[in-house]
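There are 2 protein chains.
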Amino acid sequence: MLKLIPLGGLGEIGLNMMVVEYDNVIFIIDAGIMFPEDHMLGVDIVIPAMDYLRENVDKIQAIILTHAHEDHIGALPYLLREIRLPVYGTAFTLEIVRNKLIEFDLNTHVDLNLVNPGEVLTIEPFDIEFIRVSHSTIDGVGMAITTPEGVVVHTGDFRISHSADIMKNTDISSFARFGEKGVMALLSDSTNVEVEGYAMSEQEVAKNLGELVEASPGRVIVALFASNVFRIQQIIDIARHNNRRVIFNGRSMEQITDVAMRLGYLECPTGLVVDIKQIHKFEDHEVVIITTGSQGEPMSALTRMASGVHKHINVRKGDTVLLSSKHIPGNEKAIASIINKLYRRGAEVVYSKIARIHASGHAHQEELKMMINLTKPEYFIPIHGEYRHLVVHARLAEKLGMPRSNVIVAENGQVIAFDGENGGRIEERVQTGRILVDGKGIGDVGRSVLKERRELSEGGLVVVTMIIDEETGVVLYGPELISKGFVFDSATGYLVDDAQCVILEIVEEIEAGIDSRVELIRKKLQRALKQYFAFAINRRPLIVPIIIEV
Amino acid sequence: MLKLIPLGGLGEIGLNMMVVEYDNVIFIIDAGIMFPEDHMLGVDIVIPAMDYLRENVDKIQAIILTHAHEDHIGALPYLLREIRLPVYGTAFTLEIVRNKLIEFDLNTHVDLNLVNPGEVLTIEPFDIEFIRVSHSTIDGVGMAITTPEGVVVHTGDFRISHSADIMKNTDISSFARFGEKGVMALLSDSTNVEVEGYAMSEQEVAKNLGELVEASPGRVIVALFASNVFRIQQIIDIARHNNRRVIFNGRSMEQITDVAMRLGYLECPTGLVVDIKQIHKFEDHEVVIITTGSQGEPMSALTRMASGVHKHINVRKGDTVLLSSKHIPGNEKAIASIINKLYRRGAEVVYSKIARIHASGHAHQEELKMMINLTKPEYFIPIHGEYRHLVVHARLAEKLGMPRSNVIVAENGQVIAFDGENGGRIEERVQTGRILVDGKGIGDVGRSVLKERRELSEGGLVVVTMIIDEETGVVLYGPELISKGFVFDSATGYLVDDAQCVILEIVEEIEAGIDSRVELIRKKLQRALKQYFAFAINRRPLIVPIIIEV
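Protein chains in written order, with the numbering used here: chain A, 218 to 767; chain B, 218 to 767.
One should not assume that every hint holds.
No copy labels: a pair is met if it fits in one copy or bridges any two.
List time: in silico DSBU-like cross-link candidates among lysine-lysine, alpha-carbon distance up to 35 Å [to be verified]:
#, residue 1, residue 2
1, Lys398, Lys385
2, Lys398, Lys528
3, Lys220, Lys317
4, Lys616, Lys534
5, Lys220, Lys534
6, Lys657, Lys528
7, Lys220, Lys398
8, Lys498, Lys668
9, Lys668, Lys550
10, Lys550, Lys220
11, Lys528, Lys668
12, Lys276, Lys317
13, Lys424, Lys528
14, Lys534, Lys668
Treat the hints as calculated values from the structure; they're not laboratory data.
Let's have the full structure, built from the sequences with the hints guiding it.
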């Protein structure tokens, strides 16, 4: 019996991780992170819970990576720390992984194996053929997995593109070839299923960027994701046509373009790229700066340029800033804020809301339909999306004539089983979850800590210190009140006086010598102070009573 | 000399407040709130700083409200608490204001004055003609202010619409009439300036909603803003055509539809609206529930329905939920989460990303151009927007042929002055700002409190308690560590032990008896613990040392 077990990515954008299992053999597709949701205060990243992998460690033969984005490879170090596994991926993906493993001090222990689109990897009883897909980074692959139960096609993250360079296109012929032979199940990327039509082509993006660069009188600063190597190539070409030098700026931009050049994915005539330290040697109209920070990240190069604290470049009148990127939900306010800052500094600013200078790397509705029609699957399983994306994608497949019984909307942890007799269906559930990573702590921030952080963030806290004589019950010191994140110190005068009265009344109420007196005072005090502050100022600080008996 | 002084709304979405001043006469247009930005943790709302009004209290004659949205009337109670003023507005606006004033215990003191579109209000030396505008609530007005320097047109929030009922349309003829006579300055709504073309018409929204209701087999739940009375009327009409009863749900929905019916803005045959408690008397296909919660607000009716904790309606298979609203930036994640929940409960969910069931109340680019061409102003001043909206709107006006010198991009506090000799220009700056309201506290949450809340939200805190003998310097109690929002209690074992060692070392280092020993210990301890936790677990909790000498 074949089992497909999503451990992440079916119920959220990110966290992608899929187990493919037959009898005693497992391989894993991707190990992605997710960026924390709003309520996950202070959390750095989220990784999938890997209990199922721990329990089945003897079966696992390999992990295969579809492409180099964090939501597909970011959790790999956490997995490899626990379980040694051979890793398979394309050249660019492996290079990015290598850099990441160095950061985690893991690189010497890991068995990295290069695969190329068109090649077949055999992990008995599976034959896995890699199929090139176009996406917003390079060297992405989907795969057709021939299993004893039939062929499973996994698209990875993809869009359909028609570039002159076939190396940049999704290999629709290979998907069609499997479609002709017979595909049992298609697992397809749902990220953009809400968007009608076809995604804009990268050629149109390049054309529009080219016109903007041509019309710019001064320096041009283009911000985009460093992993979007195809588009970086197009900006390099545009710079060359306009007799401008290229300057890469931002740590990830420098790192990734370096890797891409070494592997031959970026072509750039000698001398075109200059170091940022040399920028003063050129006239304003002679440079294009390619930088990170398109999401308004607080420490990014573009944010520093916009705030006037960048070492080499401060944005000023005459500059043109092109934000060639999408507005990722959750980042809108940060992006808006950086655009406002850039305008205030007198720059021209062009962004994807007001000009067509960004195209998504994920297939829109018509492209998703095309994938279904190319592969003609018996079963359809939407992947990579929140629950609503999966449902909308399922409806799309049904509109193409697939019977609802063969469209499987599964969530993380649900085992999708296939065998000859019973066809495909959802079986039992395995343990899954989201593990929060905060600093070096993995999984030690949970519901109760987040709840406290939320309370602290909304109302701050008040610490009450008091020393009480154990025998007489007399207050020897305090009650002293210290507050953080509550109100201005200067405003607390009457609040402190009143709160002290409230506390002393409680202490008087509870006789000395009775059992667990301190515990009782602590509880009553917490409740009473909460009530008092709610009444007096309508706020709910966390109350931390420290009562010491001596 | 005429002065236009924006105290809010030129630099943000919301907070709208504009001073119009000539010699010793001032009137105010709108007094709006803004919802807190992400970094304003725990803050309920934001209001404009009113220093300039306090300083010129003797000049102020009136406040005029353009429409009943919170970003135009929400700060009114805070203003009226300090300064007694006659208030002018249309019927619906005044009714909503009246309810608001009751909440603030202010209603008996306030002088509310009804004005109607087409009427002229004279506040010497101003003649203010009210002009009907279409917006996402009813009874909105812009105004043409005849001043000794010339006519100033203020659009309020508007879009252009072409409904059969002229009461629902922007009165383009009146704007044109002033354009013919000569407009000195146009102040125009910039909210949607980034969006191309014309806004979709409400008729199309109604047509699409109608088709969806007709196709729904069971209950239909429509969520939208309660203030969107035109659309509520359309849903009522759709319900009637489909032989469905209407149920209003959610506090603001019930309040506002009640006002609108009393004023005759909502027409509804007797018996069509039924109380939610009667819902069990009807078949599923016989009801439409009109509710709040389209932004995923945590306590809203729709959220409760989706979470299964609503008193009367739990969403289930067979239900169709229509979210007829926009996704306001900052709310996307909450909206996505509610859509996921509704799908999980088996409902059909239709929202504006996947169907055309919402149209904006703010003019798109072509409508904004039309307003400029109707009024043919000598000066153009974009209002109601973040800085980027104002700049993009300014560029739009320039593209229509306005000279850049006559397009004035001003920010809050900048005085826009007009006199015969010098024309229009930006003069000195007056005091402005944003006042944070948290509970009953107005302005007592500032930078330092927000900084503490942010630190607490990201890293939690650790309270260290210690009692030291003043003479011998010996530690009599502690160091005891209590943490909140830091790590699980169970995980702190080794951290606590190590941290205690760090603290005791510091105490030993600093000799007893030296001046301000406690202060020194406190400082060193804070720094050392921060370093230790950063090293040990890479987190930065706030450290609160409580050191008592006895």
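Structure-based check of all given hints:
1. Lys398 with Lys385: within (25 Å within a copy, 60 Å between copies)
2. Lys398 with Lys528: neither (58 Å within a copy, 54 Å between copies)
3. Lys220 with Lys317: Cα proximity of lysine 220 and lysine 317: one copy only (30 Å, versus 59 Å across).
4. Lys616 with Lys534: Intra 52 Å, inter 20 Å, cutoff 35 Å: inter-copy only.
5. Lys220 with Lys534: between (59 Å within a copy, 29 Å between copies)
6. Lys657 with Lys528: Classified as within; 30 Å inside a copy, 44 Å across copies.
7. Lys220 with Lys398: within (21 Å within a copy, 77 Å between copies)
8. Lys498 with Lys668: Intra 54 Å, inter 41 Å, cutoff 35 Å: neither.
9. Lys668 with Lys550: Both: 24 Å inside a copy, 19 Å across copies.
10. Lys550 with Lys220: Classified as between: cross-chain Cα gap 32 Å, same-chain 42 Å, threshold 35 Å.
11. Lys528 with Lys668: between (40 Å within a copy, 26 Å between copies)
12. Lys276 with Lys317: within (26 Å within a copy, 65 Å between copies)
13. Lys424 with Lys528: within (32 Å within a copy, 56 Å between copies)
14. Lys534 with Lys668: Between copies, since 32 Å is at most 35 Å while 46 Å is not.
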